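Residue numbers (UniProt numbering), protein chains in the order written: chain A, 1 to 299; chain B, 1 to 259.
Derived by calculation from the structure, the hints in this document are not laboratory data.
Below are the SDA-like pairs computed for lysine to any residue, each with C-alpha atoms no more than 20 Å apart in a straight line: (1) A/Lys-227 / A/Ala-285; (2) B/Lys-134 / A/Gly-296; (3) B/Lys-79 / A/Gln-206; (4) B/Lys-134 / A/Val-291; (5) A/Lys-186 / A/Leu-130.
It should be emphasised that the depicted structure is a prediction, and the values quoted were computed from it without experimental measurement.
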Amino acid sequence: MSARRGLSGFWTGHLGPILAVCVAIVALWYAGAVWMNADLQRSAFDNAGQKSWTTGELVAGTLAQERPRLPAPHQVAQELWKTVVDTAPSSKRSLVYHAGVTLSATLLGFLFGAGLGVGLAVLIVHVRSLERSLMPWIIASQTIPIIALAPMIVIILNQLDVTGIVPKAAIAAYLSFFPVTVGMVKGLRSPDPLQLDLLRTYSASQAQTFWSLRLPASVPFLFASLKVGVAASLVGTVVAELTQSADGGFGARLLAGSYYGQTIQIWAAIFAAAFCACALIAAVALADRVVARRMGYAR
Amino acid sequence: MPDTVIQASNLSLTYGSADGAVQALSGIDLAIERGEFVSLIGPSGCGKTTLLRVIADLETATSGSITVNGVSPHEARLKRSYGYVFQAPALYPWRTIAGNVGLPLEIMGHSREDRRERVAKNLALVNLEGFERKFPWQLSGGMQQRASIARALSFDPDLLLMDEPFGALDEIVRDKLNEQLLRLWDLTRKTVVFVTHSIPEAVFLSTRIVVMSPRPGRIHEIIPCDFPRDRTLDIRETPEFLAIANRVRQGLREGHSYD
Ligand SMILES: Nc1ncnc2c1ncn2[C@@H]1O[C@H](COP(=O)(O)OP(=O)(O)O)[C@@H](O)[C@H]1O
Ligand SMILES: [Mg+2]
Chain A
1 MSARRGLSGF WTGHLGPILA VCVAIVALWY AGAVWMNADL QRSAFDNAGQ KSWTTGELVA
61 GTLAQERPRL PAPHQVAQEL WKTVVDTAPS SKRSLVYHAG VTLSATLLGF LFGAGLGVGL
121 AVLIVHVRSL ERSLMPWIIA SQTIPIIALA PMIVIILNQL DVTGIVPKAA IAAYLSFFPV
181 TVGMVKGLRS PDPLQLDLLR TYSASQAQTF WSLRLPASVP FLFASLKVGV AASLVGTVVA
241 ELTQSADGGF GARLLAGSYY GQTIQIWAAI FAAAFCACAL IAAVALADRV VARRMGYAR
Chain B
1 MPDTVIQASN LSLTYGSADG AVQALSGIDL AIERGEFVSL IGPSGCGKTT LLRVIADLET
61 ATSGSITVNG VSPHEARLKR SYGYVFQAPA LYPWRTIAGN VGLPLEIMGH SREDRRERVA
121 KNLALVNLEG FERKFPWQLS GGMQQRASIA RALSFDPDLL LMDEPFGALD EIVRDKLNEQ
181 LLRLWDLTRK TVVFVTHSIP EAVFLSTRIV VMSPRPGRIH EIIPCDFPRD RTLDIRETPE
241 FLAIANRVRQ GLREGHSYD
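Isolated chain B, as found in the complex (with noise of 0.2 Å):
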């Protein structure tokens, strides 16, 4: 496997519409190393989600060229390279809560007892033990999003695109979750692309922050953050933290003063 998981260069994406065309990305270059967790940030509307829709295979660029672990973008999808959660959980409302993180194990033909192994292990990853058999409107929206999380882990991808995994929730949910991820990430080794609209979820997350500014959509600065792998909520305190937070903002502000 290459050690350059996505490899975009000079990528752009038209939606065209009825009323004129929408240019949602311009020239992204962007190279995500193996391992990396990767945050995408800035204002509504710069194409954050475009860009991780694109490298999942979900939309096409209109032009520039991008590799998934070497690949294309449509053959990385078809040999299930990655896990995606959505901005929404998209739980299927007639299966269980089981049912729908075994989905994707159901789909790529696992057996029932490894499904069985696997959805037992990602519900408590995820702190959800014991609501294998509950529908998904008996569960709250954190639960929900927590539960499509699992979904995507299921597998057991090597990369994980994720959209705003946790803007619904409340910040205590938040924190909680941040740091699961976090410690997932480290323990398993799996490059992150993380949506997020919060600057402290970015840099308490991320080991570089790709800052976007809107129309069209570009990466405005791209600002590294190495913290230790095994860090805390507490390290949120530090002037260094406080450091990349400012940095952060002000590239946010610089991209949005633009037009």
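In isolation and in its complexed conformation, chain A is listed as follows (with noise of 0.2 Å):
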């Protein structure tokens, strides 16, 4: 009986269904990887001479090539183990350096985007004239394309002396300030009027309703702002990280990577971003629930 309740709260739980969706991934991504490389293993045995081989031999072949097309699973987690536990973390081999190198500048920026986003939405409340002139404008930053904008500001920025970490943090900044904004404008304005005449009966001040109403009010909302805006930082360094590669960090990688066909080491560092990316989220979201427990949200 209770193995029995186990096993269906395995699959009811959180566990089950991600571990029944993580195992389908992997046998897919192995089947792409046998037909992806495939050819290049035909050609290889072509080129050693070897006139004939089994399916096996194949198989075998296409998951243990050094530049594959598409890498197997097996092949990252050796090159993340390689370059995360068995280099010093102070080698510019190790993933560990260039995670330390993205994540600073990932962190600068989000810091000035969030100040920036939390900045112009108090702007964007208390003045209404702002929300006309300003909101077109913060709106259209983000139909540029920042792909192909970074380069270009990185190189104008560098041309002007400004380097390090600058730079990539200016374009995290660029990307994380928005859904800031937006967040916390929509925050902000979440009192119900019941809550804001209630101050008015005090004849409360702007300043007074901000503090004692409007910002307790926002916080759910920055939060989940805050979640989005951190990733976007770290997409931004990564990207201005493409262009100013001899610091390092993810970017750098990849850009090594792709220049010299390691396809392993490009699916390596793909990962170990997503995987910084998916800490920086759940460090916001424990803030999240430390201040929620705080503010008696939590019941």
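Two chains, two frames, a set of hints: combine them into the complex.
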């Protein structure tokens, strides 16, 4: 009986479905690797003068190439292990080192982006004319294809002797301020008329209304938009690193990987970047939970 | 301070909305003296909330004149002359009960010590001792409404504007709060303007009952109702009580059959 309940718990809980999807993805991935690398492997057999081969040999070969079109999951895992665990974090071959480079620019950019976003939102909510004059520009700023623009901005900044972390953080901030502005405007406007009327009966000032009502009411909206913003910051930093690759970072790894056809390295960098994004979002979510509990939202 | 707390003459208010204008108040003439307990009673939509909101400077009359404590409602609001109890508790979910009750005191710049004293005193007044550190969602609807009353009382305004404060509560709690409110009014000599749907509630609490009728919202009749200040719930069985209740019911019926 208890075994059965355990099993059904497995399927109704989070873990079961997630694991099932993971297994399916890995299986598909293996199948895709065999399929995409097969002709590479056939010509490799040809070049080696091997005239005939079994299916087993072919499959084994497709999953063990040095520069496959699509690396197999275990190859990426091995590369990750090698570059994260087996290499000293101070080495430029270590993904931990590159993660450090990317994350520092990401966090700096995120800090500025979030600050800018909150500042703009406060202005927009309190100065009526600003909504009409600022909002179109803010929206226009997000219609510019940043992937195309980032290299230009980075190069211009480099030529102005702005180098190091700042150009990358600037792109990160550019991408993260928008969701924070939009979320925060919505949050600051979220108090219902009754809650606002209440403060009016005390003839509270605008500043008092902001601190005692608008700001606390906006907190859930703020955290929701911070989660989007921090992920956007990471994307911005990686894009900037594609241009400013001398300092390292995930973007630099992607670029170097594509120069030399090191597909395994590229995939390892992509996974490491995705993992970092998850960790950043999880950190924001944790902060969200702590604040929500302190504000009495947690039940 | 003038003895007439509220003086409205020929007061009208029209709400403009996308699908036409609604005349919520029309030709309201009403004077309320210091220390009175005046109930506004009438069917839904007859402008009771609107009238209370005009007094509180939350809406502005379209025509006519009104003074509160001898000055305009706007000036009276800036002087924090009244405490307003809304139909819903409107507690801030991120503040504890003590934090909510102390909110007006914070806004008005009372010291921390003074705040704590007044919060404790007013929570005791509505029987909510011991709930200081709870959050609103941890309280029942009735307790939340009592907390909102404590909040309106916390800064000790001379005028209380109450919009169906007990509308959502069950009979027993309502009776109890009615008695408490009456005792509070008797003790502190505050002026109360009280919106209600309930005839017994109006008759039990009031010195005068303003019967309103809808479309457009106007005063149909004002019924005096002078029971001793220290009355108890028992008076509800007396013939005098039932007679006034009948007059109010009659007035409401006449007001309704107008249109
Ligand atoms: N903000 C508003 N905008 C437009 N019409 C309103 C507004 N508030 C109330 N009304 C209308 O005014 C009339 C009186 O409303 P109200 O004062 O709330 O009545 P009561 O409190 O007696 O039920 C109703 O017809 C209502 O629909
Ligand atoms: Mg109403």
